[in-house]
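There are 2 protein chains.
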Amino acid sequence: MTYCLGLRLTSGLVLASDSRTSASVDDISVYSKMHTFRTRPDRVVVLLSSGNLATSQAVRSQINRDLQNPQAERNLDTFEHLDEIAGYIGEINRQVQNSIAPEPDQASSFNPEASFLLGGQVGDGAHDIFLIYPQGNHIMASRQKPFLQIGETKYGKPILSRLADGELSLELGARLALVSMDAAMRSNLSVGPPIEVAICPDGAHQITHRLKLGEQDPYLQILAERWNDQLREAFLELPDPQGWQSG
Amino acid sequence: MTYCLGLRLTSGLVLASDSRTSASVDDISVYSKMHTFRTRPDRVVVLLSSGNLATSQAVRSQINRDLQNPQAERNLDTFEHLDEIAGYIGEINRQVQNSIAPEPDQASSFNPEASFLLGGQVGDGAHDIFLIYPQGNHIMASRQKPFLQIGETKYGKPILSRLADGELSLELGARLALVSMDAAMRSNLSVGPPIEVAICPDGAHQITHRLKLGEQDPYLQILAERWNDQLREAFLELPDPQGWQSG
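Heads up: the sequence lines are chains A and B, in that order. Each step along the first sequence adds one to the number in this note's numbering, with nothing skipped, and position 170 is 350. Each step along the second sequence adds one to the number in this note's numbering, with nothing skipped, and position 41 is 221.
Just so you know, the hints here were simulated from the structure itself, not pulled from any lab data. Heads up, a few of these hints could be off.
What the hints assert, rightly or not - Here are some of the chain B residues that sit facing chain A, going by a computed Cβ distance under 10 Å:
no. : residue
1   : 218
2   : 338
3   : 379
4   : 383
Said to hold, decoys possible - Every beta carbon over 12 Å from chain A, so not counted as near; a handful from chain B, in silico:
no. : residue
5   : 215
6   : 238
7   : 278
8   : 293
9   : 304
10  : 323
11  : 378
12  : 418
13  : 419
As the list claims (entries may be wrong) - Coverage of chain B stretches by chain A, computed from C-beta distances (three or more under 8 Å per stretch; other residues unrestricted):
no. : stretch
14  : 350-357
15  : 384-395
16  : 401-415
Remember, it's a predicted structure, so these values are computed and weren't measured experimentally. Glycine included, every Cβ here is placed at the ideal spot set by N, Cα and C.
Let the hints inform the model, and build the full structure from the sequences given.
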């Protein structure tokens, strides 16, 4: 499995991903799930992936081939709007999956599906994040819920629902992404380090800050311990329910 | 959906359940998912249910019919060990599902499966909780993880993984169950009040304390607000990651 998330803050984007890939419990590997493409200086495009590894690699390869092909009708450099890029990646995603899907009459547990989080900014357009589904369509974050997630999303969602706020600073956004990642890692073995975090400030058209935290990274350990301690303290300070009835 | 959980603490059991049942988004009802059976005074048996409502009702009906039948070979009163009761309920669960499962060649999204949490104590045996699967088998909680969950379990799991500890008092156990329930309610519309909590102290062979918190209950609101505030404070006190690299 995988856990990736993106925060769309007023001051820019925060993107985070784990790096564990498991074909099965005895086939666990480390793959980065965060990819930046070399594009024109007026744009930044970052793609986080979840799901079938062959599919997500094939999608990235196709994006890169298009980008290197001066005859390509469309590639990351030709679009003027980020949501067109989301549509373009969604189309490639569908094509790749269709090319490897088993015949309908072949019963198979094989699942070629992949999902993507696209974060970026094109020219004077707003910075934004999109969730691209295996079906090729996409959604954007909302003002009320300025985050999107893919992969093993549920464990890390409650803390995002509580604290994600478009007015957070980029630093606090990165911290929040790591706290959400900590909840997912703690609850699901298939989510694991290295954890990558990238920050794209509004208007910078590039990732200005990157972080890669390995398994032994002291910050991940400090975060896990301190957050645990803080939660325990907060929990102990809560009031007790009233209105108990006997048996 | 549903969210039910049980904590096996040294001093006794804490059981909690939501009450929302949704056949679809326009067919949402309120059903209690926590049931206590009238058994011999040397035992207490509490059953929490998740999944197909018809199945879980049929399972409870069968348990009650057996209990009222003086000729029944086996019923809740005949077993000397709680895990035998778990096996008995699992068998009934399988039988009920088999009796209503669609024919294999009928493609159908109908799912007759139900899962149960069984909490209780029989005679001098230890109090315990079991998770009974749709397949009829069951597992118990462990010393390291003194809780079990059914239904929409992921949202409420991180806080349990962090704070559940066999040495918690029954009062703190109830508080923790409500905090976990709050995370699930907040993240998933299909989990909703009234929230029921029951406490069975070790050796009491009965539920000694019950709580039922409705939608407008001030405690649920205070809990949600205070917990949010406490988490925000705790979050702001966390250290920032080091080791950022440029672009």
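Each hint tested on the structure:
Because the closest C-beta pair between residue 218 of chain B and chain A is about 12 Å apart, greater than 10 Å, the hint is violated. With a cut of 10 Å, the hint placing residue 338 of chain B at the interface with chain A holds, because the nearest CB-to-CB distance is about 4 Å. Because the beta carbon of residue 379 of chain B sits about 8 Å from the nearest beta carbon in chain A, less than 10 Å, this interface hint is met. Violation of the interface hint for residue 383 of chain B is found here, the shortest Cβ-Cβ separation to chain A being roughly 14 Å, above the 10 Å cut-off.
For residue 215 of chain B, the non-interface assignment is confirmed: its Cβ lies about 14 Å from the closest Cβ of chain A, beyond the 12 Å cut-off. The Cβ of residue 238 of chain B sits about 27 Å from the closest Cβ of chain A, beyond the 12 Å cut-off, so the non-interface label holds. Every CB of chain A lies more than 12 Å from the CB of residue 278 of chain B, the least distance being 23 Å, so the non-interface label holds. No beta-carbon of chain A comes within 12 Å of the beta-carbon of residue 293 of chain B; the shortest separation is about 19 Å.
With a cut of 12 Å on Cβ distances, residue 304 of chain B stays outside the contact zone with chain A, its closest approach being about 21 Å. The claim that residue 323 of chain B is not at the interface with chain A holds, since no C-beta of that chain comes within 12 Å of its own (minimum 18 Å). Against chain A, the non-interface label of residue 378 of chain B is violated: not every CB pair exceeds 12 Å, the least being about 9 Å. A Cβ of chain A approaches the Cβ of residue 418 of chain B within 12 Å, the least distance being about 6 Å, so the stated non-interface status is violated.
Chain A draws residue 419 of chain B into its interface by the beta-carbon criterion, the shortest separation being 6 Å against a cut-off of 12 Å. Check on the stretch 350-357 of chain B: 5 of its residues sit with their Cβ under 8 Å from a Cβ of chain A, so the three-residue criterion for coverage holds. With a cut-off of 8 Å between beta carbons, the stretch 384-395 of chain B has 8 residues touching chain A; three or more are needed, and the interface restraint holds. Residues of the stretch 401-415 of chain B lying with their CB closer than 8 Å to a CB of chain A number 11, which satisfies the three-residue condition for coverage.
Going down the numbered hints, you'll see the structure goes against 1, 4, 11, 12, 13, while the others check out.
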